[in-house]
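From just these sequences and the hints, can you work out the full model?
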Amino acid sequence: MSCETLSDKLSGYLDRELDQRAAGEVEAHLRQCITCSARLEGERRLRAAVQAHLTPLRAPEWLRNDVRTMLRAQLKRSRRRQTWLPAWAATAAALLLGAVGGWRLGIWQVSQGDGSDVVAEVVAGHVRSLQGAHLTDIASSEHHTVKPWFAGKLDFSPPVPDFSTEGFPRIGGRLDYVGEKQVAALVYGRRQHVINLFVWPSRDWSALPAAASRRGYHVEHGAAGGMTYWAISDLNESDLSHFAHLVATDLSGTAVQPYACSPISTRVVPLDPPAIPST
Amino acid sequence: MDPSALARFEETVLPHLDAAYTLARHLLRNEHDAEDVVQDAYLRAFRHFDGYRGGDMRAWLLTIVRRTCYSWVRQHAADARATEFDETVHEDSRTGNDPEAEMLRGALLEALDQAIERLPVEFREVVILRDVQGSSYAEIAEVVGIPVGTVMSRLSRARQRLQRALPVEDYWRS
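Chains as they are written, first to last, in the working numbering: chain Y, 1 to 279; chain G, 1 to 174.
No incorrect hints appear here.
Here are the computed lysine to any residue pairs in the SDA-like style, where the Cα-Cα straight-line distance is at most 25 angstroms:
1) Y:LYS76 x G:ILE64
2) Y:LYS147 x Y:GLY226
3) Y:LYS76 x G:PHE9
4) Y:LYS153 x Y:VAL194
5) Y:LYS76 x G:HIS48
6) Y:LYS76 x G:ASP40
7) Y:LYS153 x Y:TYR177
8) Y:LYS76 x G:GLN39
9) Y:LYS76 x G:GLU10
10) Y:LYS76 x G:ASP50
11) Y:LYS76 x G:ALA5
12) Y:LYS76 x G:PRO3
13) Y:LYS181 x Y:LEU135
14) Y:LYS147 x Y:ARG191
15) Y:LYS181 x Y:ALA139
16) Y:LYS76 x G:GLU11
17) Y:LYS76 x G:PHE49
18) Y:LYS147 x Y:THR136
19) Y:LYS76 x G:LEU43
20) Y:LYS76 x G:ASP36
21) Y:LYS76 x G:PRO15
22) Y:LYS76 x G:GLU35
23) Y:LYS76 x G:SER4
24) Y:LYS147 x Y:GLY179
What follows is a list of derived Cβ distance ranges for each label pair:
25) G:TYR52 x Y:ARG215: 26 to 34 angstroms
26) G:ARG8 x Y:GLU180: 37 to 45 angstroms
27) Y:SER78 x G:GLN75: 24 to 32 angstroms
28) G:HIS76 x Y:SER78: 23 to 31 angstroms
29) Y:THR69 x G:ALA107: 39 to 47 angstroms
30) Y:MET70 x G:ARG118: 31 to 39 angstroms
31) Y:THR165 x G:ASP2: 34 to 42 angstroms
Calculated from the structure, these hints are not laboratory results. Nothing here was measured: the structure is a model prediction, and the numbers come from that model. Quick reminder that beta carbons are idealized off the backbone N, C-alpha and C, glycines included.
Written out as C-alpha cells, the structure is:
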C-alpha cells in the first residue's frame with residue numbers, strides 16, 4: 001500500500017471503520033513508514049481536540065414543546081378534512097383505557113397544575129433536592145451502604161437497583177416527602193443530569209410507566225412489585241423513559257412492555273394516585 | 001394523517017431532537033437559525049412520515065435536517081454572511097488554573113474554530129456528523145448521500161486540512 005492510498009484510509013483506520021483485512025494492510029504499512037505513523041498520530045490528536053471542543057448540544061426545552069405543538073396543529077389541520085376521525089379517536093382512547101386495565105386514568109393537560117397533585121409534589125421534591133446541599137443523605141454507589149441506610153428510617157425496605165451498566169450510575173439516597181408520606185428518594189445520574197427516583201409501597205397496583213412533563217421536567221410514573229415509583233429529571237424524555245422501564249423491570253422482576261401508544265400517554269397521569277398508607 | 005401516525009412519529013422521531021438540533025446548529029453556526037430550521041425539518045419529516053420505509057430513523061431525520069439547512073442557507077445567502085459568531089457552540093467547558101496553558105489552549109481552540117469554519121461545507125459536515133454526533137460511516141453515507149468509501153476519504157482529507165490550518169500542533173499533545 002502506498003502512502004497516497006493510505007492517506008485516504010487513515011480516518012477509517014482511526015475510527016475503526018475498516019474491515020479486518022484493510023486494517024491489517026494499514027498496520028503493515030504503518031510499521032514500516034514513519035511518515036504515515038506520524039500522520040496517524042497527528043490525526044488522532046486532532047480528532048481528540050475536535051471531539052473535546054465541539055460537543056453534542058441539547059435542544060432547548062421550549063423547542064421540544066414547540067415542535068410538539070406544531071405537530072398537533074398540523075394533525076388538526078389534516079383532520080378537519082376527515083370528519084370520521086373523531087369517532088375513530090374516541091375508539092382509540094377507549095381501547096387505550098381498556099388496555100391499561102386496573103389504572104383509573106384521566107386525560108388532562110398537565111402543563112398547568114394546581115400544585116395539589118402528586119406530579120407537583122414530585123417536581124417540588126426534585127427542585128428542592130437540587131437547590132440546597134441536600135441531594136443525598138447517604139452518598140454512595142454501593143448497594144451495601146444505601147439499602148441498609150434506609151432500614152429503620154422507613155417502614156418499608158425500598159429496592160435500590162443498580163443501573164450503572166446501563167449508564168445510570170447511582171449517586172445515593174435520602175429521605176423525602178411526597179405529600180405527607182415519607183418516601184425513599186434514590187438519586188441516579190446520567191451524564192450531567194440528576195434523576196430523582198421516589199419510591200413507596202402501593203397496594204394492588206400494577207401498571208406500565210406513564211409520562212408527564214411540567215416546568216421543563218419530565219416525569220415517569222408507574223407501579224410494580226408492590227411499589228409505586230416516580231422518576232423525574234431534566235434529562236431528555238427518551239432517556240428518562242428508558243430509565244423508567246429499567247425501574248419497572250427491576251421492581252416487577254419481569255420485562256415490562258412499553259405503551260403501545262406512548263405519545264398519548266405523555267398527556268396521561270392518574271387522576272387517582274395510589275392511596276398512601278399512613279404510618 | 002391519522003392520530004396513530006402522530007403517536008408513532010413522536011415515539012420514534014422526536015427522541016432525535018437533540019441530534020437534529022446539534023447538526024443544524026453546527027452547520028448554520030447560529031442558534032436562532034438552527035431553531036427555525038429544526039422546526040421546519042420536523043414539519044417536513046412529519047409530512048413525509050408516510051414515505052418512511054424503515055431503516056435508521058436518526059439517519060432519515062438527519063438527512064431531512066441537512067437538506068433543510070442547505071435550502072435555508074440558499075434562501076438566506078445574503079444575510080448568512082453577517083451571522084454573528086455563536087459563542088455557545090464554541091464554549092470551552094474545560095477549566096484550569098495554569099494561565100499560560102490556558103492561553104495556549106485558548107489560542108489553539110480559536111484556531112480550531114477558524115479552521116473548522118473555513119472548511120468547505122462538504123468537509124465540515126462529515127467532521128460534524130462523525131466527531132460531534134458520533135455517527136457511523138454508514139449513517140453519514142446515508143445522510144449525505146455518498147458512498148461509504150467517499151465518507152472515509154472526505155473525512156481523512158478534512159482532518160488533514162484542519163491539521164495544516166493549525167499552528168504548532170504540539171499544543172494539544174496532552
